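Colleague: One letter stands for each residue in the lines below.
There are 4 protein chains.
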Amino acid sequence: MDFFSDNSVGASPRVMAALAAANAGSSTSYGKDAWTTRVEARFATLFERKVSAFLVLTGTAANALALASIVRPWGAILAHEEAHVVEDECGAPEFFSDGAKLVDLPGTGAKLTPQAVTKTLSHLRAGDVHHVQAQALTITQATECGTVYTPAEVRALKEAITPRGLKLHMDGARFANALVTLGCTAAEITWKAGVDVLSFGGTKNGALAAEAVIFFDPADAEEMTWRRKRAGQTLSKGRFLGAQFDALLAQDHWLDLARHANACARRLAEAVAKGGAARLAWPCEANEVFLVLPPAVRQRLKAAGIGYHDWSARSLAPEAALKDGEIVGRFVMSFATEPAHVERLIAAIAG
Amino acid sequence: MDFFSDNSVGASPRVMAALAAANAGSSTSYGKDAWTTRVEARFATLFERKVSAFLVLTGTAANALALASIVRPWGAILAHEEAHVVEDECGAPEFFSDGAKLVDLPGTGAKLTPQAVTKTLSHLRAGDVHHVQAQALTITQATECGTVYTPAEVRALKEAITPRGLKLHMDGARFANALVTLGCTAAEITWKAGVDVLSFGGTKNGALAAEAVIFFDPADAEEMTWRRKRAGQTLSKGRFLGAQFDALLAQDHWLDLARHANACARRLAEAVAKGGAARLAWPCEANEVFLVLPPAVRQRLKAAGIGYHDWSARSLAPEAALKDGEIVGRFVMSFATEPAHVERLIAAIAG
Amino acid sequence: MDFFSDNSVGASPRVMAALAAANAGSSTSYGKDAWTTRVEARFATLFERKVSAFLVLTGTAANALALASIVRPWGAILAHEEAHVVEDECGAPEFFSDGAKLVDLPGTGAKLTPQAVTKTLSHLRAGDVHHVQAQALTITQATECGTVYTPAEVRALKEAITPRGLKLHMDGARFANALVTLGCTAAEITWKAGVDVLSFGGTKNGALAAEAVIFFDPADAEEMTWRRKRAGQTLSKGRFLGAQFDALLAQDHWLDLARHANACARRLAEAVAKGGAARLAWPCEANEVFLVLPPAVRQRLKAAGIGYHDWSARSLAPEAALKDGEIVGRFVMSFATEPAHVERLIAAIAG
Amino acid sequence: MDFFSDNSVGASPRVMAALAAANAGSSTSYGKDAWTTRVEARFATLFERKVSAFLVLTGTAANALALASIVRPWGAILAHEEAHVVEDECGAPEFFSDGAKLVDLPGTGAKLTPQAVTKTLSHLRAGDVHHVQAQALTITQATECGTVYTPAEVRALKEAITPRGLKLHMDGARFANALVTLGCTAAEITWKAGVDVLSFGGTKNGALAAEAVIFFDPADAEEMTWRRKRAGQTLSKGRFLGAQFDALLAQDHWLDLARHANACARRLAEAVAKGGAARLAWPCEANEVFLVLPPAVRQRLKAAGIGYHDWSARSLAPEAALKDGEIVGRFVMSFATEPAHVERLIAAIAG
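Chains as they are written, first to last, in this note's numbering: chain A, 1 to 351; chain B, 1 to 351; chain C, 1 to 351; chain D, 1 to 351.
One or more hints might be untrue.
Pairs of lysine to any residue residues, derived as SDA-like cross-links and limited to a Cα-Cα distance of at most 20 Å, are as follows [stated by the list, open to error]:
#1 A/Lys32 / C/Asp128
#2 D/Lys32 / D/Thr225
#3 C/Lys119 / B/Asp324
#4 D/Lys274 / D/Ala340
#5 D/Lys302 / D/Leu316
#6 D/Lys32 / C/Tyr308
#7 A/Lys50 / A/Lys192
#8 C/Lys323 / C/Gly305
#9 B/Lys119 / C/Leu316
#10 D/Lys119 / A/Pro318
#11 A/Lys32 / B/Met1
If you want the ones that stay clear, here's a sample from chain A, every Cβ over 10 Å from chain B, calculated [as the list claims (entries may be wrong)]:
#12 Arg38
#13 Trp226
#14 Pro295
#15 Asp310
If you are wondering where the hints come from, they were derived from the structure by calculation, not from laboratory data. Only a predicted model underlies this, so the values are computations on that prediction, with no experimental measurement involved. We put the CB at the ideal spot given by N, CA and C, even for glycine.
Work out the full structure, taking the sequences as your base and the hints as a guide.
Modeller: As structure tokens, this is what we get:
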């Protein structure tokens, strides 16, 4: 029994069924198929406007292609120091953008504040030929610490970058989980709050392997066809990308999957908060629970054979700093998490 | 009814079943799963030696990663002027290799000869600081004109490049189709004939989306782990890549699929050769048939609603040059081609 | 005594004097100095219009920066197969452009024809996502074979590319030599004939190390400030770049230097044409003379201790093909060539 | 009268004389000349061992080429957050290295400590495919705050990175100024202390435009010939690079030039320390003086028409933080600084 990641489970049965159904017959290649066309319409409905949607195969590719579309090779991209694009993509943003620079900012709970952004921008001299030029800000929604930006927070970040003309990218690998928590519309948390480009995650939320890059400004999407192909992300049997998103978006299946994962996470978080054997490192706002684990709890988890990942404590608030022997553990819930497993986990923590 | 491409059909039923089976339960991410491990063993058996195998999602990525692993950014890669890496990957080899140069060579039937290679090498000055340095030769097997290199031909090409130290890459998007025709072992047509790196195709031969890069020299593979990840080609739910190849390689399923496609192609080629209404542009040696089509035949195909692609005539032998009104048409057979469709095609051509 | 290259001599005395004069006192760095400002005005006068001029240190950098400014990483640049950008820059255009592809064309005397360009464009499918996109044509003036494009020829090339929207770059490493021969204005052979960007050579014509990139369309120059700096081509003591061009352009010094070099070349070419011991490989239209040398002549040159470079015979016209034992030799004249040396060379050839 | 930078003055008279002398006659191009050969021997003597020395044209190119030689595109380079490579090269290290990541560290006086390095390394997971791989540490000598690393400090940094296998690069744009202060040998502060590659500055210390990349491990230099050419940094009239260094290194001219600059700086620093109208932001250890300037002093400097640059206060020690109205001003001394100007500056500060 493990809570390692939402990518250690498979795909949702509906997604698998959609793939099987899409397998029949012949179809136009390279994304000119009926499934992909339908998905484009679904995204327009979801976002309440025309969007440019590009399906790709991995989250790393989605983020790197999105960022490469909005910065020049001498551009700087502001990001949280523990953002996925900084920590977990092996330099893909630098590769796809032909050398742009990620500028890392600190922030509690992996969240950026307008203050931190403004301070960093003051070091990045606009128009100075000697200096990389700040051109994008990227935020993760939900964050790498399981927290969530509200529309007001996104808007405040956008306002902090607007005077300098930066574009705003949202890494939505766990966009569904954030949306379910926020209870707002997809439009409200993206383009209405100032997001220019969104990496819309599928794989962590029930897809087999499918992500989408959503451009709200068509001008940013103009070169994406070439970028995607040149990066080896244009699937020849493109129907299989379309079919996954088609199944996810139909009848809000993607939100139901996220709701389940979030509910499991909330159940764990509330039990821990009540129990007192461990404490929450950050508020549980999506499908991940980060717990500060004393040695005794860790021993019980080990004895129970329960898997989880040790996690960085860098983004802890100062008042929440680790005490002797404590570490942070990450427990990720997915669409497939069995509630009984969550109860066993709660019991193991409580001792 | 169309014969556009072997990527306009779906995946083999066995591959789909394998994906469904692999979907159960939790599994380690990023290619550390049981399926991928099993596939690595299968490749070792197939090639009669230890190999370094890396699974990726598209053929473009496979070729570009393979080539980037064996050349430096100031390197030159010799290729046929109509090779997939030259014509159909939108500059992916240049992107992944940080700027290496593809040097295009002519050749009948999309095949390169040692003479052409030697002549081109004479223009590429070894060790001259002003000049890009020839570091790799890439050949396609089966070629873009549906022809096949014999082991002796591959060996002769290797001998032509050995004095200059070039590595030999084989783009095996249709490797299965070539192998079935050749009747030799996978080892004989690759490393035993001098191939250093192979793009082993899955997608055009029954996979949903799966390709493998096979390194025969482990030194060439040393950086591939980073390259693949940084290119967004490391699948998080890696089991789904492993499962596809596992199903293909088990019980020679991949060869059976290719045998069917090749048989359909041979049936068409023989019928056309006998019939005389059209003629073969190049010998039919794999699963593609290229026909020189006079206007009357084209009209009959159109009337019958039969789809095919117009094709370049650049690689025709001088004696086979097009006459007035003729064009070249490409007809691709796949694992899923229905023999009845081939008969209808034959009838439409014959008139 | 050698005729290896126009870069094996030093700088013109006036250029050296200008450097010495510019050395006094303090000056703003990075090209914001009085010399560079004056040079920008001189270029505007020379080209009879406002231009964006960027001074750099080497011809390779000038060409690579110019090309990178007018193509995207998935772009194709058409060039003669023996162009300096293809043969002598070790992949700099590919590096600076983040991977664009040079497509090599043949042509007698290193010159491209509209026919060759049109034919190549027919293979490069516009708008096809699988294919690199033709975005620039580059020509060398004077060419690598010492020939020259007339304004009408440049215009015809521009017309061949206009329907496809390619930009036209001129590598003018020996621009002065061409201009002196043509007898037209600098405007007539550049923007008035359709050139969008010009590499204006200084080093081969009396500078110590100075080249300029001249943009006729300011939109192409928008990012050049960043590109040049990021490439390490923005000189901190920028006055020393400005002073070189200031001295060259003042009182048409650059044209006088080129006139001398061309006259030396013409003297040699005419003597050889008359003498008959060797023959011209291509018409002598600038400061280089390419001779087809029989063994006996080569022996006499060797005996006389006269240095020259063996040269490629690829761009010979079919009727001028080499006969047994012949090779092509390149003899380059410079601003500093001593007429007496040319006479000794003529004598050695004549025997 | 200004103290903006050591690149706002010209070249040393001896360097100018050497250029004039080198101008005579014909010489082999591209760095195969007698001057460059002599310089290579001089470097060997200076460093008491064989080195691989590559002359280039700008400091940005020297640093970027040096770093690109010791990291892979997915590598991370640790650097002070105010290092020249981070702040002043417009992304050149990222460009030349095909996308490596600069990881910025804080440190008082622009100096890095082993503690800071070790802490940062703990966030950069070695061998983790998801993460960029720490491969180099770069330090500036003298630093951007005018401070200097001792051999012991360099060695301690080397020890901090050795377990992880990072290479050590030293940006020696002001290497001469540091060496003069340290009083040790060039060998002691470089390879004997663990430096693998050195950017040896010429331009800021009396050259017109000349820098050298010195490799102490020949394996790191293997590809540099291609890298330099491809970057447009291989000067055709290479003798003019050689002649500059030849003049600088002969009879320790370079050290004399630095001694003068340092003496001017020390004079200012001591006068300010005694005078009390302003205070030193950091110890004056080379040729730059950074002063914390109250408003009154700034007004006097303005009235006296004395130029200097405002400077970042980020690297101030906590106890030296700016008080109301204070700013940091940078005053740079060069080989050409007139002592009388320093006295006028001192008087203006004192009021």
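Colleague: What are the numbers of the hints the structure violates, in ascending order?
Modeller: 5, 8 and 13
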